[in-house]
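Chains as they are written, first to last, in numbering that gives the first Met the number 0: chain A, 0 to 327; chain B, 0 to 327; chain C, 0 to 327; chain D, 0 to 327; chain E, 0 to 327.
Derived from the structure by calculation, the hints contain no laboratory data.
Where hints are given, some of them may not hold.
Identical chains share a label here; the pair holds if one copy fits it or two copies do between them.
Within a straight-line C-alpha distance of at most 27 Å, the following computed DSS-like cross-link-like pairs (lysine-lysine) qualify [to be verified]: (1) 219 to 104; (2) 3 to 186; (3) 135 to 123; (4) 125 to 104; (5) 156 to 143; (6) 123 to 74; (7) 74 to 125; (8) 313 to 16; (9) 103 to 125; (10) 135 to 313; (11) 104 to 156; (12) 17 to 186; (13) 104 to 313; (14) 143 to 125; (15) 147 to 123; (16) 313 to 3; (17) 186 to 103.
All values reported here derive from a predicted model rather than from experimental measurement.
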Amino acid sequence: MYVKRNYSLWMTVRWSKKSLINGLIYSALIVFLYEISPIPFSLPWQPISVIGVAVAFFLGFKNNSSYDRAWEARKIWGAIVNDSRTFATAILSLPGSEVVFSWKKEMIFRHLAWLVALKHALRKGKSWEHNLPVEKMVFTPAFKEEIKDGLNPEITKYLSPEEWEQIQTYSNFPTQLLKRQSLELEKIHESGALDSYKQVWLHQLISRFYDTQGMSERIKNFPFPRQYASTGLWITYIFCALIPLGLLDIFEQSPAMHYWLTVPFSGIIIWIFFLVDRIGDFSENPFEAGYNDVPISSITRVIEIDLLEMLDEKDIPEPYPVENGFLM
Amino acid sequence: MYVKRNYSLWMTVRWSKKSLINGLIYSALIVFLYEISPIPFSLPWQPISVIGVAVAFFLGFKNNSSYDRAWEARKIWGAIVNDSRTFATAILSLPGSEVVFSWKKEMIFRHLAWLVALKHALRKGKSWEHNLPVEKMVFTPAFKEEIKDGLNPEITKYLSPEEWEQIQTYSNFPTQLLKRQSLELEKIHESGALDSYKQVWLHQLISRFYDTQGMSERIKNFPFPRQYASTGLWITYIFCALIPLGLLDIFEQSPAMHYWLTVPFSGIIIWIFFLVDRIGDFSENPFEAGYNDVPISSITRVIEIDLLEMLDEKDIPEPYPVENGFLM
Amino acid sequence: MYVKRNYSLWMTVRWSKKSLINGLIYSALIVFLYEISPIPFSLPWQPISVIGVAVAFFLGFKNNSSYDRAWEARKIWGAIVNDSRTFATAILSLPGSEVVFSWKKEMIFRHLAWLVALKHALRKGKSWEHNLPVEKMVFTPAFKEEIKDGLNPEITKYLSPEEWEQIQTYSNFPTQLLKRQSLELEKIHESGALDSYKQVWLHQLISRFYDTQGMSERIKNFPFPRQYASTGLWITYIFCALIPLGLLDIFEQSPAMHYWLTVPFSGIIIWIFFLVDRIGDFSENPFEAGYNDVPISSITRVIEIDLLEMLDEKDIPEPYPVENGFLM
Amino acid sequence: MYVKRNYSLWMTVRWSKKSLINGLIYSALIVFLYEISPIPFSLPWQPISVIGVAVAFFLGFKNNSSYDRAWEARKIWGAIVNDSRTFATAILSLPGSEVVFSWKKEMIFRHLAWLVALKHALRKGKSWEHNLPVEKMVFTPAFKEEIKDGLNPEITKYLSPEEWEQIQTYSNFPTQLLKRQSLELEKIHESGALDSYKQVWLHQLISRFYDTQGMSERIKNFPFPRQYASTGLWITYIFCALIPLGLLDIFEQSPAMHYWLTVPFSGIIIWIFFLVDRIGDFSENPFEAGYNDVPISSITRVIEIDLLEMLDEKDIPEPYPVENGFLM
Amino acid sequence: MYVKRNYSLWMTVRWSKKSLINGLIYSALIVFLYEISPIPFSLPWQPISVIGVAVAFFLGFKNNSSYDRAWEARKIWGAIVNDSRTFATAILSLPGSEVVFSWKKEMIFRHLAWLVALKHALRKGKSWEHNLPVEKMVFTPAFKEEIKDGLNPEITKYLSPEEWEQIQTYSNFPTQLLKRQSLELEKIHESGALDSYKQVWLHQLISRFYDTQGMSERIKNFPFPRQYASTGLWITYIFCALIPLGLLDIFEQSPAMHYWLTVPFSGIIIWIFFLVDRIGDFSENPFEAGYNDVPISSITRVIEIDLLEMLDEKDIPEPYPVENGFLM
């Protein structure tokens with residue numbers, strides 16, 4: 000997530016330079032062909048403009064949906080923050096005073112293990128994502144390290160080696176960690192230190208973690224439907240392919256100008272439409288370990304700080320760093 | 000669900016070739032009639048373009064609604080994942096230690112039976128769906144097999160023959176399976192191993208399964224209202240019928256060109272509008288056993304794996320295969 | 000609810016023939032007046048087209064809202080299905096084994112009485128609805144019978160004559176039926192067969208029925224605000240009144256044509272806009288006993304079948320019939 | 000709330016006659032100045048039409064938000080209906096049989112006192128509302144009386160004089176009435192007639208009333224943000240100011256006509272845009288004691304009837320009257 | 000939040016004068032260059048108008064999202080009002096009569112401490128906010144004082160010096176205050192004056208405060224995605240840069256006029272588009288201590304008054320003042 004006020008125009012252009020350059024080259028080519036060809040193949044602008052409106056609608060719909068996906072992802076991780084605080088508070092205050100502190104700490108640590116396991120699980124690449132190689136994340140070196148190191152160094156801070164080893168025999172680590180939490184609660188219940196009523200409330204909190212985990216996985220595993228994304232892309236291509244042909248027709252009336260004005264003007268229109276498409280495209284998958292991601296690393300860190308402070312731990316980690324304007 | 004980054008332009012064209020070809024033929028016909036007829040029946044473009052905007056609005060609304068239906072369907076099945084994990088965890092940890100493991104396993108197996116029964120029930124054809132014959136699902140052979148084999152081989156893995164036989168006497172299998180789950184809980188409650196409080200929480204989980212089942216059935220049984228779909232279709236037809244007439248009027252000013260330019264240009268515009276309509280049309284029914292479905296087979300498999308691993312079963316099935324880019 | 004794939008073009012035209020014919024007559028009249036009048040009162044098209052865009056926006060908003068109303072109505076009745084199944088399951092499994100089966104059956108029957116009472120209450124006409132006389136429902140004879148017969152034959156299947164008589168002394172039958180359910184639960188609680196905890200859960204289910212009943216009544220009793228509906232209608236009228244005047248101006252340049260082309264072209268545009276308005280108008284009130292209603296009769300039947308099967312009744316009614324493509 | 004099918008065109012025009020007349024006068028003035036002035040200050044229409052599209056977007060957004068506010072207000076009051084029925088049913092059936100009926104009646108009466116107190120509180124004027132003087136509500140005489148009489152005659156039907164006097168020492172009557180309900184429940188709990196579990200459920204219902212009360216106050220106290228409303232208004236003004244200038248340019252080509260055609264045509268376009276703006280403006284505040292309000296008086300009456308019938312009271316009030324097509 | 004009916008046109012212009020002036024200067028410059036340059040670099044208007052439609056779409060999307068953010072923020076703080084009332088009522092009525100009043104008062108005071116701590120935490124500047132220096136808040140002197148004084152004077156009214164000191168050792172004050180509330184409840188529970196069931200209900204209320212706190216932090220910490228905001232800004236810039244070039248082309252046909260008409264007309268169009276962009280921009284961050292904020296200071300005051308009145312305190316603060324039309 001970018002946290003400065005605005006991307007500069009220069010960054011924006013550089014980021015989408017491919018479509019700008021291709022647009023210019025393509026337009027120049029059309030003008031050149033038009034010049035050398037005996038056939039005046041220009042097209043009237045009016046019908047093109049109707050296509051333009053339809054494309055604008057489609058891109059609007061796509062951007063809206065992408066934004067909704069990102070915003071929902073952020074909401075889900077917001078809920079994880081809230082429920083984590085509630086859960087830790089509940090673990091600290093609801094069981095009877097005969098429950099030892101070390102058990103409470105273990106529960107909260109296992110919760111943090113669930114959290115980091117989920118964070119890393121959400122960043123495995125998908126066939127529809129951009130899958131930028133991690134080496135290219137040059138703007139965010141600390142984040143690059145985190146991705147490279149993987150789950151192991153983070154989870155072993157919170158889980159005993161035996162338990163970590165056992166969890167690794169399963170397919171979905173977070174799911175099985177939550178099951179373990181539930182069995183631990185039953186143990187305390189059987190010992191008499193947690194009545195049935197409080198146990199169910201704690202189980203309902205675990206149910207909420209299953210919910211937020213599953214909702215994150217849903218956004219991760221169900222892309223913006225590819226048929227919509229592809230249609231949007233192809234009609235943008237067709238519309239842009241028609242633009243210089245339409246401009247030729249308009250500029251034709253003042254032949255002196257059209258050699259050099261059709262090309263930049265056409266290039267700019269093409270670039271605007273591809274830019275709008277690309278913005279949606281790059282915001283679609285909020286967990287793809289890219290610069291526009293929902294910042295789940297820093298959210299995780301916020302939860303770690305709050306929960307470790309609740310345990311009055313001494314060794315509180317720093318807030319996640321902002322690197323070159325990016326908070327990941 | 001297609002899981003590659005984009006449908007190729009070629010696939011897109013092939014999939015909607017009918018409207019492209021028809022559009023071209025129709026336009027050619029109009030041009031031909033215009034040539035041979037003494038009446039200059041072309042139409043001005045400006046009013047057509049207002050119709051175009053209205054049609055673009057309508058299609059935007061239709062696409063939006065279709066997308067919402069698909070996304071809601073995915074959310075419902077995401078909730079089924081979450082609740083299934085919660086339910087299995089609850090069955091394993093909430094009843095007292097005097098409850099035998101075989102009962103717990105039976106409960107979780109009956110839950111999986113409910114799941115596969117629901118999956119198959121959602122795939123029975125509806126009069127407003129596309130009802131592609133299953134033999135034509137050539138891109139996804141494994142899925143084709145699953146549909147052909149039907150519910151029986153899947154449900155008998157999880158249900159005793161007697162129970163399965165009894166369930167078949169009812170109209171709605173999943174509904175009656177959940178009632179059975181509830182009666183089983185009461186049995187354990189009467190034996191004293193599950194207090195009233197935990198029983199109610201488990202009953203609330205069953206209530207959630209009634210909810211998600213009913214919500215799936217709602218999307219299945221209540222189509223995007225046919226009056227909206229039909230209106231969208233007919234006004235698209237009328238708009239497209241007018242397009243070549245309007246282009247004729249524009250191209251008229253340069254008669255040398257209009258024989259061959261009206262036809263492809265008109266064909267492309269017609270194709271774009273029908274493509275946008277068709278995308279919505281094919282995304283409307285997320286459970287019609289077609290390529291753009293919400294992938295409930297693979298979601299079912301994910302649940303099976305998680306729950307069988309919770310039971311520490313040995314025989315864990317493989318994740319559902321991606322076939323030619325499709326995950327069903 | 001229409002359940003075939005699409006209304007045919009012919010049905011669509013016939014259903015909205017009034018606006019097509021009026022549009023044609025009006026346009027012909029304008030052309031005629033223009034011919035005989037010495038004043039050339041045509042109007043430029045460009046400003047009309049801006050009005051057209053504004054009207055398209057407004058109709059889009061109206062259609063969207065109508066659709067949302069229908070979809071919400073369907074969701075509410077989906078929730079009634081889910082909660083009914085949950086409630087019946089709860090009645091069958093939660094009370095202690097000392098509770099006699101006849102009481103359980105009575106509770107579930109009274110619930111079905113609530114359901115049919117609600118169904119009929121939702122179909123009383125409102126001053127803003129279309130109020131098509133029931134005799135005109137020629138496509139759905141079975142449904143026509145149901146409406147004519149009214150509540151009595153349906154509710155007496157599920158309620159004793161004494162109770163039915165007593166309920167009729169109140170204004171709102173469903174409300175008082177639910178109160179009765181609640182008092183019955185207290186009776187069982189006082190007898191010791193239902194602990195406080197389960198009683199509250201059952202009361203919460205009754206609370207959900209109050210919710211869904213009240214939500215249905217809200218949609219029934221609060222129309223799409225008439226100020227929006229009227230504004231939409233009047234600006235459509237004004238826009239359509241201007242259309243032939245604008246076309247005259249365009250066709251003027253080729254006088255040979257405008258006698259016969261202005262009229263059909265104008266008629267088609269007028270028809271399209273009125274059709275789009277009319278679709279929204281006829282989908283606005285999802286419980287007006289019309290062809291586009293949410294099919295609450297068949298949903299009611301689904302619940303009856305499921306609940307009677309749960310009671311292992313012998314006399315299970317048939318699913319609701321589809322008549323001429325309509326499921327009511 | 001208007002409850003007839005449509006406002007007549009005449010009512011609509013009369014209601015917005017100011018903008019129609021002003022639009023005509025302004026257009027006439029421009030035409031007159033254009034005639035007498037040596038400077039041909041007309042403007043090209045094309046750029047004006049782009050502004051028109053932007054204005055149409057903005058008004059669409061404003062109307063949408065206004066509608067959402069009204070609809071949410073209606074939902075909240077729908078929830079008040081549902082929760083009131085649930086609460087009354089709970090008061091009648093959950094406490095043990097040793098609780099006297101007079102206490103139950105007192106609780107339900109105090110609930111009705113909360114309801115009417117909330118109704119009147121929502122109708123105090125706000126600085127951004129239209130604040131039509133109550134004397135001008137000529138179409139709804141019964142409603143006018145209700146507003147004039149104020150809270151006192153309604154609340155004293157349900158509250159003892161002592162309690163009413165005490166409540167008046169606080170700022171927010173409904174809030175303190177609910178606190179009182181909660182203390183009453185504790186009293187019954189301490190007497191042993193309401194176990195802890197049922198008490199909490201009843202307290203949760205009181206929490207719901209705090210929710211719906213607070214949600215009503217939120218809509219009442221937080222207007223559609225004035226920066227959006229004002230921007231919408233000012234850009235509509237600018238757009239409308241430009242309209243006759245643009246029309247002059249178009250009509251210029253046929254000078255014989257433009258004296259008399261620019262004026263009415265321009266007036267109609269101006270009127271349409273102001274009408275669309277005004278509709279949103281007048282639907283923005285659903286509790287401003289105006290004709291387009293959410294009908295909270297009649298909803299209150301519905302609740303009174305249902306609850307008094309549950310108590311088997313003899314003196315049931317009549318449903319709220321529809322006056323001249325308005326239900327308030 | 001502005002609470003008068005409309006910002007005056009003058010205020011609106013003054014607030015956005017920068018874009019109006021820049022637009023005029025830029026347009027004048029273009030006209031000047033066009034005059035002195037031998038190259039006729041004007042551009043056709045039609046393609047510019049398609050860009051205009053795309054920009055209008057994008058700004059519509061941006062304004063919509065900004066509004067949704069503000070409205071959600073208001074909803075969250077509405078929920079804080081409701082839950083605070085419920086919580087205070089619960090503290091006063093649910094614990095047994097052996098609990099001393101001073102403990103109840105302490106709990107409610109600590110809740111108010113949480114509230115003011117949250118209010119101040121939400122007003123720390125963010126890198127993407129406008130961060131208007133507090134000295135410039137000349138219209139709202141009382142609010143300026145509040146911001147300058149900071150948290151300390153407000154929180155010490157509700158928290159003992161020792162507790163306040165201890166809370167300051169943590170990163171997130173509100174989080175740790177809620178944990179403290181939960182531990183206090185356990186203390187009362189262990190003393191026997193609050194049964195397990197009521198304790199869990201009170202813990203659920205604390206969970207709701209964690210939710211609303213976290214939701215406020217989510218809106219505060221997750222801006223409207225900067226990639227969308229920047230794209231919107233840059234395409235508005237490009238569109239506006241093209242406007243005078245397009246107008247030149249149109250006015251060219253009547254050269255006598257274009258010196259002085261292109262400039263103001265172009266300036267007005269540029270200003271409208273930047274105004275619409277700016278409105279969204281300034282409504283995006285509802286907690287940035289600016290004039291368009293959600294009025295959390297006055298909401299806090301409302302809660303303080305209600306809760307102190309519930310405690311029958313003598314020293315009730317005044318409602319928050321409206322200063323120059325602003326309620327903060």
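Hint-by-hint comparison with the structure:
1. 219 to 104: neither (31 Å within a copy, 30 Å between copies)
2. 3 to 186: neither (49 Å within a copy, 46 Å between copies)
3. 135 to 123: within (16 Å within a copy, 33 Å between copies)
4. 125 to 104: neither (35 Å within a copy, 34 Å between copies)
5. 156 to 143: within (20 Å within a copy, 46 Å between copies)
6. 123 to 74: both (21 Å within a copy, 21 Å between copies)
7. 74 to 125: Cα proximity of residue 74 and residue 125: in one copy and across copies (22 Å, 19 Å).
8. 313 to 16: neither (49 Å within a copy, 54 Å between copies)
9. 103 to 125: neither (37 Å within a copy, 35 Å between copies)
10. 135 to 313: Answer is neither: 36 Å inside a copy and 41 Å across each miss the 27 Å cutoff.
11. 104 to 156: Within one copy only: 13 Å inside a chain, 34 Å across chains, cut-off 27 Å.
12. 17 to 186: neither (60 Å within a copy, 65 Å between copies)
13. 104 to 313: For residue 104 and residue 313, only the intra-copy Cα distance (13 Å) is at most 27 Å; the inter-copy one is 33 Å.
14. 143 to 125: both (18 Å within a copy, 25 Å between copies)
15. 147 to 123: So residue 147 and residue 123 pass the 27 Å test inside one copy only (12 Å; across, 34 Å).
16. 313 to 3: neither (33 Å within a copy, 48 Å between copies)
17. 186 to 103: For residue 186 and residue 103, both the intra-copy (13 Å) and inter-copy (17 Å) Cα distances are at most 27 Å.
Going through the hint list in order, the structure does not satisfy hints 1, 2, 4, 8, 9, 10, 12, 16.
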